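A.B. asks: Numbering (the numbering used here), first residue to last: 14 to 487.
No wet-lab data here; the hints were simulated from the structure.
Just so you know, not all the hints are guaranteed correct.
[What the hints assert, rightly or not] The list that follows gives simulated cross-link-like pairs (lysine-lysine, DSS-like), each with its CA atoms no further than 27 angstroms apart:
1. Lys28 <-> Lys360
2. Lys453 <-> Lys47
3. Lys47 <-> Lys109
4. Lys360 <-> Lys316
5. Lys99 <-> Lys109
6. Lys57 <-> Lys109
7. Lys425 <-> Lys453
8. Lys425 <-> Lys366
9. Lys74 <-> Lys366
10. Lys135 <-> Lys28
11. Lys47 <-> Lys74
12. Lys74 <-> Lys109
13. Lys366 <-> Lys316
[What the hints assert, rightly or not] Here are the in silico distance ranges between beta carbons for each label pair:
14. Pro486 <-> Ser325: 32 to 38 angstroms
15. Glu487 <-> Lys360: 36 to 42 angstroms
16. Glu242 <-> Glu151: 29 to 35 angstroms
Remember, predicted model here, so these are calculated numbers, not experimental data.
Beta carbons: idealized from backbone N, C-alpha and C, even for Gly.
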Amino acid sequence: MCASVGGRTMTDHYKLIVIGSGPAGRRAAIQAAKLGRSVLVVEKGRRVGGVSVHTGTIPSKTLRETVLNLSGWRERGFYGRAYRVKQDIGAEDLRKRLHITLDHEVEVLEHQFARNHVATLKGAARFTDAHTVEVAGEDGETVTASADKFMLAVGTHPYRPDHVPFDGERVLDSDDVLDLVRLPRTITVIGAGVIGVEYATIFSALDVPVTLVEPRQTMLDFIDRELIEDFIHQLRDRGVVMRMGCEVESITRDDGGNCIVSLKGGRMVRSDALLFAAGRIGATEALNLHACGLEADTRGRLKVDAATFQTSVPHIYAAGDVIGFPSLASTSMEQGRIAACHAFDAKPLVPPKYFPYGIYSVPEISTIGMSEQEVLERGIPYECGVARFRETSRGHIMGLDTGMMKMIFSLKTRRLLGCHIVGEGATELIHIGQAVLNLKGTLDYFVENTFNYPTLAEAYKIAALDAWNRMPPE
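Using the sequences and the hints, build the whole thing.
C.D. replies: Structure (structure tokens):
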């Protein structure tokens with residue numbers, strides 16, 4: 014049987030139907046197609062790409078790069094904090110580069126699907142039984158399709174509690190930020206998780222006064238504490254106001270349209286705009302999961318087997334942000350690939366245990382392996398080495414006053430246990446540490462090898478020598 018949608022003719026049964034075309038969905042679809050299976054990708058958004066391309070990873074990182082370029086942030090070490098490449102930066106300046114980048118990402122993905130003969134269908138999918146979905150398009154047309162296997166890669170959407178008066182102009186979630194028509198004079202960011210921290214520091218780089226509110230006393234607890242202490246020092250040094258351990262009682266608007274955040278204890282924060290970034294919810298509510306035998310948790314997320322990404326219904330897989338931590342585009346891609354291989358009895362290459370985590374704040378943070386806290390908890394004898402970017406010639410050339418690298422080594426085996434970086438280029442630099450760690454390399458690699466000069470990568474040798482000077486001889 015066939016169905017016609019938008020002038021296209023599609024078979025109504027596939028070996029794999031993928032719901033969602035973000036990193037996990039696209040990788041699962043292409044992997045299955047390369048294994049010779051028929052694949053349909055269903056995407057409810059205007060264009061393929063999912064949250065990653067349209068509201069998450071790519072847009073926020075494009076916005077960050079645009080801000081750093083137009084503001085002259087990277088040159089302020091030499092020319093002072095008042096230096097700017099463009100004096101009057103508006104919301105339109107930020108959107109222009111964003112649209113060019115997103116168009117390119119969509120074109121690349123559409124080409125990949127076409128080249129691998131992956132069918133696509135625009136519309137919202139819902140299960141009618143364990144092997145069938147109904148896809149409703151914007152025009153009201155409905156298509157039914159069935160499959161042997163399913164991949165749920167629907168991602169997440171911002172958590173929007175009822176007590177927050179969202180309006181898309183002054184009171185925003187992380188999706189709304191990308192459609193700003195004007196830059197706020199001041200902004201309050203609620204939530205010091207990855208998304209909140211990234212946007213708070215991006216606005217700060219634009220010289221917008223920022224107040225960051227977090228109910229916990231700590232932030233980014235999965236990152237090495239020494240790095241976070243350095244990061245917080247940098248934020249406070251440039252004027253970011255941090256209200257840690259402060260619970261929000263209410264969010265209101267005054268007669269002038271300003272946002273008023275009332276905190277427990279009586280303090281108030283007034284700002285021109287507010288970004289609520291305290292959590293995300295799995296986008297599973299419209300899937301009619303009970304029809305296929307699945308149930309999401311209270312945060313809309315799905316439970317899967319950690320090795321295969323199978324749900325409790327064996328022919329249905331889930332991957333990406335919808336299954337929770339680590340919620341990275343990079344790991345989501347690998348999850349999708351592994352799931353597709355398992356679904357069609359192809360042995361996947363399993364990635365190493367440790368993967369890099371990148372936070373695209375200003376400055377960047379990137380980490381791999383164990384933190385010092387984890388090493389202490391495991392009772393492993395260790396030594397640390399630290400390098401400051403200002404100690405490198407390249408750092409001096411770039412005008413860097415801040416930035417650090419921390420490496421942790423086992424005293425017994427001399428192996429690298431963890432690598433942690435905060436500063437310019439952290440998400441690129443981390444991959445040297447990743448290679449050495451996953452190949453079970455030791456401190457001696459960094460001490461004995463030559464690094465290009467002048468580069469920030471010299472920090473690896475400086476940090477290694479710092480540790481070596483305190484380690485007992487072999």
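A.B. asks: Hinted pair, alpha-carbon criterion (27 angstroms max): lysine 28, lysine 360. Please report holds or violated.
C.D. replies: holds (18 angstroms)
A.B. asks: For the pair supplied as a hint, lysine 57 and lysine 109, confirm whether the alpha-carbon distance does not exceed 27 angstroms.
C.D. replies: holds (25 angstroms)
A.B. asks: Kindly confirm whether 36 to 42 angstroms is satisfied by the beta carbon distance between glutamate 487 and lysine 360.
C.D. replies: holds (39 angstroms)
A.B. asks: Would the pair lysine 47 and lysine 74 pass a check requiring their Cα atoms to be no farther apart than 27 angstroms?
C.D. replies: Judged against 27 angstroms, a Cα distance of about 30 angstroms means the pair is violated.
A.B. asks: Regarding the pair lysine 47 and lysine 109, is the alpha-carbon distance no greater than 27 angstroms?
C.D. replies: Status violated; Cα separation ~36 angstroms.
A.B. asks: So if I understand the rule, the pair passes when the alpha-carbon distance is 27 angstroms or less; does lysine 425 with lysine 366 pass?
C.D. replies: holds (21 angstroms)
A.B. asks: Given the hint that lysine 453 pairs with lysine 47, does the C-alpha gap stay at or below 27 angstroms?
C.D. replies: violated (32 angstroms)
A.B. asks: Do the alpha carbons of lysine 366 and lysine 316 lie within 27 angstroms of each other, as the hint requires?
C.D. replies: With a Cα-Cα distance of about 20 angstroms, the restraint between lysine 366 and lysine 316 holds, given a limit of 27 angstroms.
A.B. asks: Between the alpha carbons of lysine 74 and lysine 109, is the straight-line distance 27 angstroms or under?
C.D. replies: Distance ~14 angstroms between lysine 74 and lysine 109 Cα, so the pair holds.
A.B. asks: Quick one, are lysine 425 and lysine 453 close enough, alpha carbons at most 27 angstroms?
C.D. replies: Answer holds: lysine 425 to lysine 453 is near 13 angstroms, not above 27 angstroms.
A.B. asks: Is the straight-line distance between the alpha-carbon of lysine 99 and that of lysine 109 27 angstroms or less?
C.D. replies: Roughly 15 angstroms separates the two Cα atoms, so the pair holds.
A.B. asks: Holds or violated: are the alpha carbons of lysine 74 and lysine 366 at most 27 angstroms from each other?
C.D. replies: holds (26 angstroms)
The structure fails to meet hints 2, 3, 11, 14, 16 from the earlier list, while all remaining hints are met.
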